[in-house]
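Note that the protein sequences, when read in sequence, are chains A and B.
Taking my numbering, the leading residue of the first sequence gets 1, the next gets one more, and so forth.
Taking my numbering, the leading residue of the second sequence gets 1, the next gets one more, and so forth.
Hints listed in this document are in silico derivations from the structure and should not be mistaken for laboratory results.
Given the structure is predicted, the values throughout are model-derived calculations rather than measurements.
Take the hints with a grain of salt, since some may be wrong.
Stated by the list, open to error - Think about it this way: if two alpha-carbon atoms lie no more than 30 angstroms apart in a straight line, the pair counts; the simulated DSS-like pairs of lysine-lysine are:
hint : chain 1 : residue 1 : chain 2 : residue 2
1    : B       : K224      : A       : K317
2    : B       : K240      : A       : K215
3    : A       : K310      : B       : K265
4    : A       : K284      : A       : K310
5    : A       : K312      : B       : K101
As the list claims (entries may be wrong) - Reference excerpt, derived from the structure (chain A facing chain B, CB under 8 angstroms, subset only):
hint : residue
6    : E93
7    : A97
8    : E98
9    : K103
10   : G110
11   : A142
12   : K310
13   : Y313
Glycine included, each C-beta is placed from N, C-alpha and C at the ideal position.
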Amino acid sequence: MKANPRNRITLAAILALCMLIAGCGGGSGGKPSAQASAPSSSSPASASPSASAEPEKVEITHWRYENDNETKTIRALIDSFQKKYPHITVKLELIPAEQYETKIRTAMAGQSAPDIMAVDAPTIASYASQEAIIPLDEYMNADGDKDDILKPVLGSITYKDHIYAAPLQNHSLVLFYNKKMFEEKGIPLPSKNPDEPLAWEQLLDAAKKLTDPAKGVYGLNPIFKGFTGGEAPPYGEMPWIWQAGGEIISPDGKTSRGYLDSSESKSALEFVRKLFNEYKVSPKELPQDPLPNGKVAIDIQSPGYLNSLKSKYPDFKLGEDFDIMPLPKNARQATPMGSWNLAITSQSKHPKESWMFINWVTGVDGAVEWYKGTGNLPARQSTVDAIPELNQYPLNVFAGQSVKYAHPRPVTPAYPVISETIRELFEEIGIGNHSVDEAVEKAVKKIDTALAQVK
Amino acid sequence: MRVLRHSVHYAALSVIAVVTLFPIYWMFMSSLRAESEMFRYTELSWKVFLPVDWTLANFKDIFLDPEKPFTRYMINTFIMAGTVTAAGLLINSAAAFAFAKLRFPFKRLVLVVFLSTLAIPPEVVMVPQYLIIRDMHALNTFAGLIMPSIVWVFGIFMLTQFFADIPRDILDAARIDGSSWLRIYTRIVLPGAVPALITLGIITFTHQWDSLLWPLIIISDDTKQVVQAVISSYTSDQEKHWGKIVAAASASSLPILTVFLFLQKYYVRGVMMSGVKG
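Could you build all of it, start to finish, from the sequences and the hints given here?
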């Protein structure tokens, strides 16, 4: 299942066909009405139920990936939305997370895409450049409370100066650590202040002390979810490069030469290589749930892990058995960000009603409901202000980091290649102990080839 | 000497049996553990092999979930796989009979074209197939799920091999006595092909029982989904529900194991007889 080559082939085949057949729902589609990409002169805000005597009945479909808490919350928001606007019905369809992209892209090629789709931040550029989703600028300016959206999040949903999606939530990573192991080894407990992370050297020092080969205990897992497939590893790997002061690609998105192969980026890769291969404080093969099972003392994890630990390991308690600290810093402090958003597809016949629903879920009020239901980090400043617990430990570490130190992943239609290349690069130096210079050279070439193909 | 050779044989076979059966044993045992226990024990002791706290919680989670009752998906998959198997045996065996025994123009060419489609990966035809099913308005229906899977070139190929061994003389004798081809097919060819049909039936059924990508893409209505897609849905973008996954995998592999256990002797015979012969 992990890094399934078959899945990749499938996706590649679909992508290729997608472009051949329908331009992924681009301009050539037969229905001009579906291309009403921007709202006409009438403001979307005026479309209240009382405005016209009997509004036409409209059904909009919304596709999203499976996720227990999010599904419950979106269902509740659909109910309240349909009560407020009885003429609009929202049909929710759930897709297993691992096959989400495959299904969406097949449906787009077949002109049967939903009106509203959930879209992960780094894939927005790719959908937008193929005109599969429509710009939302006018809606956003009319009643989307754009200025309330956290700046880094806004950057992650913008492609070529247009906003293509409305953010549901944000995401970040911190270090979870086994408090008892720290106390046993006499290591001072790290600060819980998001502005006072450990420096790399301090982290390495602690990891060395915590590592116990006899018991099979590793000090530090620096790779989010370990070396697996998907977006998780690169999501957690890029911050190491950013923390060292490096970047993945140039700000204009044209090349990674001079950025990924800068001395700063290389120093980060060298550090990670040594964690696995010289200091041997990091496991090349990560056991399942290594922190509560006592196999890893410091683990890089997401906010969702707090709830996951609570439900799966009720005896492993925050404050007693484990605590969290911000991601470490080197030349600077940098944390990953960006999560799922809602976008309107260009095949939608009801962009106006779709926006009304999107704004119901992601607007100022909806965002608070969304947070209460899911516990995912908010994408709006107003939500951070409205929820006291976001300003208290442990959530303040995530929230504080993501407000101040969040760094967006590269915004380019070539992002899928970048993600894969970064994942392979870290595998080569981490598992394979390859020379950083050679591995980086290979990665730069691969990324630049992909970037050159972007129009 | 003979005893020694036998014991070596048995030792080797036992090793292979353990290697084959252990993952299945592991899956069933894991499904009876609490999720927090599943990955706790890594040092060699009985706790690795047997649950410490036996529990049916995982099975309750999937079968008693009011929104996604697993029984419904088992039934859906039964309908889908059963229909495909029944219809497939009928149509594929008729086609195989035609290829093996009838004489018609361009037979070899048609057979070669048919067989060459085996080399095309299913992913490549998936999108065109999706478009056809959409134009037939069969998206999100059992019909759309079943139709494209019935004609199976592998099955035709296998049965063609099997039918090729039936002596032409028997068929000619029946022809002389005035039988139609249809009668020959139903009265002479099919009864003799039962082991091969059972073999193909098992292969088709397991193949369909395991299908994931196609159902996933054309079915949007949660109530019509099949087991594999549902198992896949127990992995969200944030975490894997290992308890549900192993319980569902155990429950969904039971029908396959049962079918196989009862029909195993035919299966072996069918495989042996349909082998390529000089």
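Hint check:
no.	hint	in the structure
1	B/K224 / A/K317	41 angstroms, violated
2	B/K240 / A/K215	27 angstroms, holds
3	A/K310 / B/K265	50 angstroms, violated
4	A/K284 / A/K310	27 angstroms, holds
5	A/K312 / B/K101	62 angstroms, violated
6	E93	5 angstroms, holds
7	A97	4 angstroms, holds
8	E98	6 angstroms, holds
9	K103	5 angstroms, holds
10	G110	5 angstroms, holds
11	A142	31 angstroms, violated
12	K310	11 angstroms, violated
13	Y313	5 angstroms, holds
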